Structure formats: C-alpha cells, structure tokens
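K.L.:
For reference, the chains in residue letters:
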Amino acid sequence: MATRTDFGPPNYKELIPPVVAKNYGQWKYHERVKPGVLKHVAESGDELYTVRVGSSRLVSTDWIREVCEIADKFCGGHLRFTSRHNLEFLVSDKEQLEPLLQYLKDHGYPVGGTGHAISNPVHTQGWIHCHTPATDASGIVKAVMDDLFEYFVDWKLPAYCRISLACCLNMCGAVHCSDIAILGIHRKPPHINHDIVRAKCEIPNVIAACPTGAIRPDPKNKSLTVNEEKCMYCGNCYTMCPGMPLADPLGDGVSIWVGGKISSARTPPKFSRLVIPYLPNNPPRWPEVTSAVRNIVETWAKHARKHERMGEWIDRIGWERFFDLTGIPFTVQLIDDFTMATETFRSTPTFKW
Amino acid sequence: MTNAKDTETPLLDQLEEGPWPSFVKEIKRAAEDNASAKDLLRQLERSYNDKIGHWKHGGIVGVRGYGGGVIGRYSDLPEEFPAVAEFHTLRVNHPSGWFYTTEKLRQLCDVWDKHGSGLTNLHGATGDIILLGAPTDALQPCFDDLAEIDFDLGGSGSDMRTPSCCVGPARCEYACIDTLDILYSITMEFQDELHRPMFPYKSKIKIAGCPNDCVASVARSDFSLIGTWRDNIRINPDEVAKYANDGLDIQSEVVALCPTGCMHWDAATKTLTIDNAECNRCMHCLNLMPKALQIGMERGATLLVGGKAPIVHGALLSWVIVPFMKMEPPYDELKDLIRRIWEWWDENGKMRERLGELINRLGMRNFLKAVGLPPVPQMIRAPRANPYYFWDPEEVK
Ligand code: HEM
Ligand code: HEM
Ligand code: HEM
Ligand code: HEM
Ligand code: SF4
Ligand code: SF4
Ligand code: SF4
Ligand code: SF4
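For the protein sequence lines, the chains are R and X, in the order given. If you count by this note's numbering, then the first sequence holds residues 1103 to 1455, one letter each, in order. If you count by this note's numbering, then the second sequence holds residues 189 to 585, one letter each, in order.
Keep in mind that a hint or two might mislead.
Only pairs whose alpha carbons sit at most 25 Å apart, straight line, appear in this in silico SDA-like list of lysine to any residue [claimed, not checked]:
no., chain 1, residue 1, chain 2, residue 2
1, R, Lys1130, X, Arg422
2, X, Lys523, R, Asn1323
3, X, Lys538, R, Glu1145
4, R, Lys1115, R, Lys1136
5, X, Lys226, R, Tyr1335
6, X, Lys523, X, Met552
7, R, Lys1290, X, Arg540
8, R, Lys1404, X, Met552
9, X, Lys244, R, Lys1404
10, X, Lys213, R, Lys1290
11, X, Lys390, R, Thr1441
12, X, Lys390, R, Asn1323
13, R, Lys1404, R, Glu1390
14, X, Lys479, X, Lys538
Calculated directly from the structure, the hints in this document are not laboratory data. Here the structure is a predicted model, which means the values were calculated and not measured.
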C-alpha cells in the first residue's frame, strides 16, 4: 500500500462543539465569572462557559482518556487546549457548570489561570527528552507551580503574570518575552572525547555547525579543538557529534529573566531582561529557583499599580529601584556585551539612588 | 507512601506531592504497562542524581515520503535503560485552535498505546501534539495508523514548522480575522514546505486574532499575522455607564492607561468618547470593558516578519511590513507574499539564518524592494538617526 502523505491535520470544522459552530465569529462579549471560568455570550444570546484547567503538559494516554470521560459527561464530548498547555472544558449547558466544577475539585484538577493570575508555564523538554538541556523543565515547573499555586487558582495579582521556562539557550519555548523567564544555562564549553570524535564524527560537519566558529581541526590528533573564549555553549556541536558533550553538573544551572511581555495592551511587546545570572540545579525541588521567583512575584504584586505588568512596573520605577526593592544583587553578568549591548546603557544623569 | 517499588526513584517521588499536576504521576501511570515509560522514569531519576541529561542525537530517523516530523532521540546509557535506547518523538499536526472531540482523542490514544510509550505533550511549544518516545521500527507503522485516523505529521528541521493560531472567532469577540480558517488554509497550501525541509532554517507562522496576541506570534514566529481594524471602536454608552456604576474607575483604570491619550471621560454625564483616528488599537480599553466596547467592522490583518528566539545573534521581535491586508478566503494575497518572501530568503539566506537575521544583514530596503512592498511610516518606530544612507544611482537623477 502506498503511504498516504500530505493530507494535513484533521479539519477543525469537524471538531468544534455545536455552540461554537453556530456562533462562530458572532461572539459579543465575555465576563470573568471567577478564576478559571469565563462566560462568553454570542449575538444570538447563546452562552458558553469555559473552565480552564492546569495540566502538567507531559501526560499519559490514561490522563487523556480520563479527561475525555469528563468531557463526555459534561460537555457533549468536546474539549480544547490552550496555547499555554492548559485544558479547557467548554460548557454550553449552564446546568452542567457547577457539577463540572465540583467534579474537578473532587478529583484534584486545578481550575484557574485566567485574569490577573499566573497561567500555566510554557516549557520545554529538559532532561525528559532533549540532548542539550542545562536543567530539567517539568521538574522546575512542578516545583515553582506547587509553590505559586495560590496565584493560579486565585486573583491576587495586579495584572497577568506569565512564567516560562526553556532548558537551554536555544530557547525552544521562546521564553524571552515573559514576565518571568527561567532559562537553563551551561557555563562550560564541551569536553571533547577524542576517541569518540575519531570513531563517530564527521569533523567538517562539526566545525560547520558551530555558530561562532569556535571549533578548529586538530589534524595531528585527527580530532578537534574548541577555542573556549569563543564558545557560547549552544550545543550544536553535540548535536552533530556525541564526542562533544556539553552537560556538566557544576557548570549547568538556571538563570532568571524578568519584565517581558507579548500583548500590545498599553505598551508594546518587550524582551525579558537578565536579573539573576546563575542558580544551581538542585533537584528535585530547586529551592533557590522557587524562592527567587516567589520573591520577584511578591515584590511586584506589592508595589505595582493595578493592570501594571511586571515590565511596565519596572519601566515606571527604573531598574535601579527594582534591584533595590527585590534585594537581588546587581552583578557584572547583567551588563550586556553581546550584539546590541550599547542600546541598554544609560546616557543621562537622571537616575534614582 | 513508600512501598518497595517507589524507592527506585526517591527523588522523583517527591514530585508526586503538591497541588500542581504531577508529570511524575503521569510517567508512572504509563509505566504500569509500558516498559519504555518505566525506563524513562528510571533514566530521569538518574539525571536527577547526576544533574545532567542522558540523551543524545544519533542518526536521522523518519517516515517514508517525509523529511521532517520525527525527532531522533537515543539514550546515552542504553545498557542500563534498554527500553529507551531508541526513544524518538513524532510531531503530529494539531487541529486549528486545539479543538478535539473525545472520539478523535481516543483514537489517537489507541494508536499511541499500540506503538509508543503512552506519553505525550499536549502540546509542544510549537503547537504540535508531541508523541513522546517510540523505537525506530515503530515509526512507520505508527504513522500508517495515524494516517488511518487522519492525523498527519507536523514540521521539524529546516522547513515550515507547524503553524498555529489563537482560538479566534471560535470563542473570542476580539477576533478580527478567521484565525482557524486561515491556519487550516495555509497548512493545506504549504504541505510540501511543512513536510520536506528545503529552507536555510526553520520558518514559523503564527496567527493571532487581535493585538492581544494570545499565541505570542511577535516573539516566536518569522511571520506573525495579527488581526486589526481600520474604522472605529464601537461604543455602547449604556454598558459604559454600567461598568462605571459597578465600580470600574474609568478615569484611572481605562483613560489614564490609554497609551495614545485619545480617550475622554466625562464623569458627570458618564460619557466616554474616543478619538478613533488617534487610537493605535492596543486593546487595553476593550480588554477592560468587553461589554461596552467592541472592535471595529472594517477588519483585516497586520503582517509582521522576522521574530525569533535568541540564537544566534540575539532575539528579535517581528517587524511590521504590511500594516493592513484584507483577509478573505482563499487568502491568495497572503500566500503569494509568503511565497515571495520565502523565495528571497531561500536565495539569499545562509545556512541557519532566520528571516529576521537576513533582513538585518541585507537591509530592510533590499527586502522591501525584492518582495515588492512600499515603504510606509507604520513600519518604523523612528526614522534613521545617522546620515549613512548609500544612495542608489537610480535615486540620484
Ligand atoms: C480581556 C482580554 C483578553 C481576552 C478575552 C483574551 C482571551 C484569550 C483566549 C480566548 C485565550 C485562549 C487562546 C488560545 O489558547 O487559543 C487566551 C489565552 C492567552 N492570552 Fe489572552 N485574552 C485577553 C487578553 C490578553 C492579554 C492582555 C494578554 C497578555 C498580556 C493575553 C495573553 C494570553 C496568553 C499568554 C494566553 C495563553 C493563556 C493560557 O493558555 O493560559 N491575553 N486569551
Ligand atoms: C558574540 C557575538 C557574535 C557572535 C557569536 C556572532 C556570530 C556570527 C556567526 C557565527 C556568523 C556567521 C553566521 C552564518 O554564517 O550563518 C555571523 C555573521 C554575521 N554577524 Fe555576527 N556574531 C556576533 C556579533 C556580531 C555583531 C556585534 C554584529 C554586528 C553588529 C554581527 C554581524 C554579523 C553579520 C553582518 C554577519 C553576516 C556576515 C556576512 O554576511 O559575512 N555579529 N556572526
Ligand atoms: C541551535 C538551535 C536549536 C537546536 C539545536 C534545537 C533543538 C531542538 C530539539 C532537539 C528539540 C526537540 C526536543 C525533544 O523533543 O527532544 C527542539 C524542540 C523545539 N525547538 Fe528547538 N532547537 C534550536 C533552536 C530553537 C529555536 C531558536 C526555537 C524557537 C524559535 C526552537 C523551538 C523549538 C520548539 C518550539 C520545540 C518544541 C519544544 C517542546 O515543545 O518541548 N528551537 N529543539
Ligand atoms: C561622517 C559623519 C560625520 C561628520 C563628517 C561629522 C562632522 C562634524 C563636524 C565637522 C562637527 C563640528 C565640529 C566642530 O565644530 O568642532 C560635528 C559636530 C558634532 N557631531 Fe558630527 N559628524 C558626523 C557624524 C556624527 C554623528 C553620527 C553624530 C551623532 C550621532 C555626530 C554628532 C555630532 C555632535 C553632537 C556634534 C557637536 C554639535 C554641536 O556642537 O552642536 N556627528 N560633526
Ligand atoms: S530549550 Fe534547549 S534543551 Fe530545551 S528542548 Fe530546546 S534545545 Fe532542547
Ligand atoms: S557549544 Fe556551540 S559555540 Fe560551543 S563549540 Fe559547540 S557549537 Fe560552538
Ligand atoms: S489574540 Fe485576540 S482574538 Fe485571539 S484569543 Fe487572544 S484576545 Fe482573542
Ligand atoms: S485601544 Fe488602546 S489606544 Fe485605542 S482607545 Fe483603547 S486604550 Fe486607547
């Protein structure tokens, strides 16, 4: 049998619930009923309740079958997921809303992540499945969200807060525009295992893979050398060649970035900025990371004005005040010296003490 | 809590506790009847002890007819963890807006239980359904069974990656464009680009229905299509007054935070006016008063290009190149422009150079000329502050 190809994803038109098909493009307004529950009202008068549920993103087929049962029971067999790994139950029959919420509560599904809350952290693979991680992804997310759980299920913050995690500087999750980004970093160049390089690697390909030109041939040894000053720890060489592992228990760890945003509401999108250059990997619960994140969230929550995102708050008070209020030490790693560094230097004598 | 079995993974077991859903529980559930999930758990415990990962890249794997869609993954400790010696990922193209019927999801579970680890990511950061972990010889049979239930693979490598969109008109009153339909239409149009790596590097397309950009398109896609409108915000004065009566401080929470200063609130008469010509459609006021304020009626999209994560030269946010484009099926204007841009990038881009980096290297002017777009002030935050313009002799006549 010839393999069928290029037929594309299932057509969403066959998967959306009837209430969505009927009111498609005709939604009039929404209300935030309570944390995790949205109510959308259509021009036709139809109402749709959305119940947002946090998930661990890494889920078993048992879990999928379980949430399917819930959707069969309360939502006519329909469900969806969000761009931040949340699960959403869509309830068109208002009578089913309270029973659904009760069921979710009884079975330990966290409802929240809407409104002025911390939503599910976007994250990547980490030690679960990638070959260049500087830290785990799922483990830190679990530890951080256990700690910040109250902010997922409740509205206690001045504005949205998006936390994201990427386990190496490739930033597969594109975390660089988050209110708080947790980024795995390597601090040591690859250690070369010359025997493996000789046995298994195409030396010209490895050299070509390095974005900074740090790798040179070492013809005497039929191997390679790395100019350590040029290495930016990206792991591309390890992708090409198992003889160049980058991971190192002492070198690897976590950095913290703050103040990014995506939406254009009020102020344009911004990048997150480095505020803590390194915290050690301390599995299974990464206490240094969870307490650093909590400190930043709570300092912001205490001082920001209503609707002020992390980055907007910092723009108003200034970075010098941010370091002052959070008590985070300012260190030389925080001063940019990469491609667009000078844009970040101050050229006026107007700053705060 | 501690029976003999649990103590094999004492560190990970600690992550079964706490209120947030536990991925460790999920792996353990899958491990009950799946050897590879069990070895995944054991290898991960090893990583928690060693503080390093234990995966390597190894050879390229895939399915017949496709150049992407599968990520090859091998344990670097295959003797210790034989069931994950080969543990490849299939990226499966998700339906627009991540809508499912339970029937469809169960079919997917059946296929994955048969061929793989029983573990998935719903969803990966690009949007795909990630089927996490199958040996090499299971890939083709798995794909054949996926095809039976109409699930195709997504992108990986130097191709168009699986595009994604926000929930849009399916459930959001701010949707200025039909994000789900545009997504489906371009996914079907560009199947070849999705499945067969042919570009200098990856290329991503994301579609958001309005400037709230709930899919983070400006930060993580080479092409960000964002819905917008050109006429006036529709105001329902009665509902405005109701928000005020219900305790919303319209002056301080709405008007004072409007970035363009184009709103006026008369507290005495409870009247809100907007100078629409000056509004930049930032969404703040609509977000706070969805019942009272509605998007305009003359709708289309703004196209921005060039966004990417930091590797190699630093992160970029997408730049406006088409301030307004009407979005009507079959979206030919959009598709043609995407094609022209890809062609230019393909011709000029070096290996692993994203579109934004190429525009930066060769200059916005060359890009605009090559793809035939006129310069307009909506493209920039400010004009240049240096006099180093290299005049084209054509321009000096
Ligand atoms: C009241 C205004 C807003 C409404 C009605 C709204 C609506 C939505 C909807 C329907 C989703 C689900 C999208 C999907 O998964 O396809 C969503 C997700 C999201 N929105 Fe918005 N949005 C609003 C404002 C914003 C703003 C201002 C931001 C950024 C500051 C934002 C950021 C996000 C993010 C990051 C997600 C993913 C959330 C998650 O999965 O937990 N939204 N929003
Ligand atoms: C640590 C900093 C930097 C690193 C690691 C770096 C790395 C690289 C690499 C690996 C390439 C080759 C890319 C390829 O062939 O695909 C490259 C090219 C280039 N880089 Fe950088 N770069 C850095 C800083 C800069 C800076 C500061 C600028 C300019 C402001 C810059 C401008 C360029 C340009 C224009 C090219 C293309 C050169 C050409 O076409 O010949 N780079 N860079
Ligand atoms: C040298 C650069 C990069 C390398 C070597 C790389 C490698 C990888 C690998 C191996 C995976 C699969 C992980 C797994 O499932 O085992 C992955 C996933 C992914 N990559 Fe990259 N990547 C690079 C750059 C990027 C960049 C710049 C982006 C974003 C713009 C990106 C976005 C993604 C996304 C979204 C995923 C899916 C992650 C998830 O859902 O867990 N990658 N990458
Ligand atoms: C090829 C490029 C440039 C040339 C030939 C040039 C030439 C000059 C000359 C002849 C003066 C007057 C010096 C004097 O009276 O002693 C001057 C002053 C100045 N230039 Fe430039 N300049 C150039 C580029 C720039 C650029 C790029 C900047 C800033 C971004 C700049 C900033 C200034 C400033 C601030 C002054 C002092 C102005 C003042 O006293 O009011 N120049 N330049
Ligand atoms: S961020 Fe780095 S370590 Fe994490 S999945 Fe992407 S490439 Fe792998
Ligand atoms: S880790 Fe990256 S920068 Fe360092 S040598 Fe390898 S390829 Fe080059
Ligand atoms: S981007 Fe706009 S249209 Fe799309 S879900 Fe978010 S608020 Fe709604
Ligand atoms: S959308 Fe933004 S700019 Fe326009 S009136 Fe509302 S707050 Fe002001």
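K.L.:
Would you list, in rising numerical order, the hints stated earlier that this structure does not obey?
P.N.:
2, 3, 4, 5, 8, 9, 10, 12 and 14
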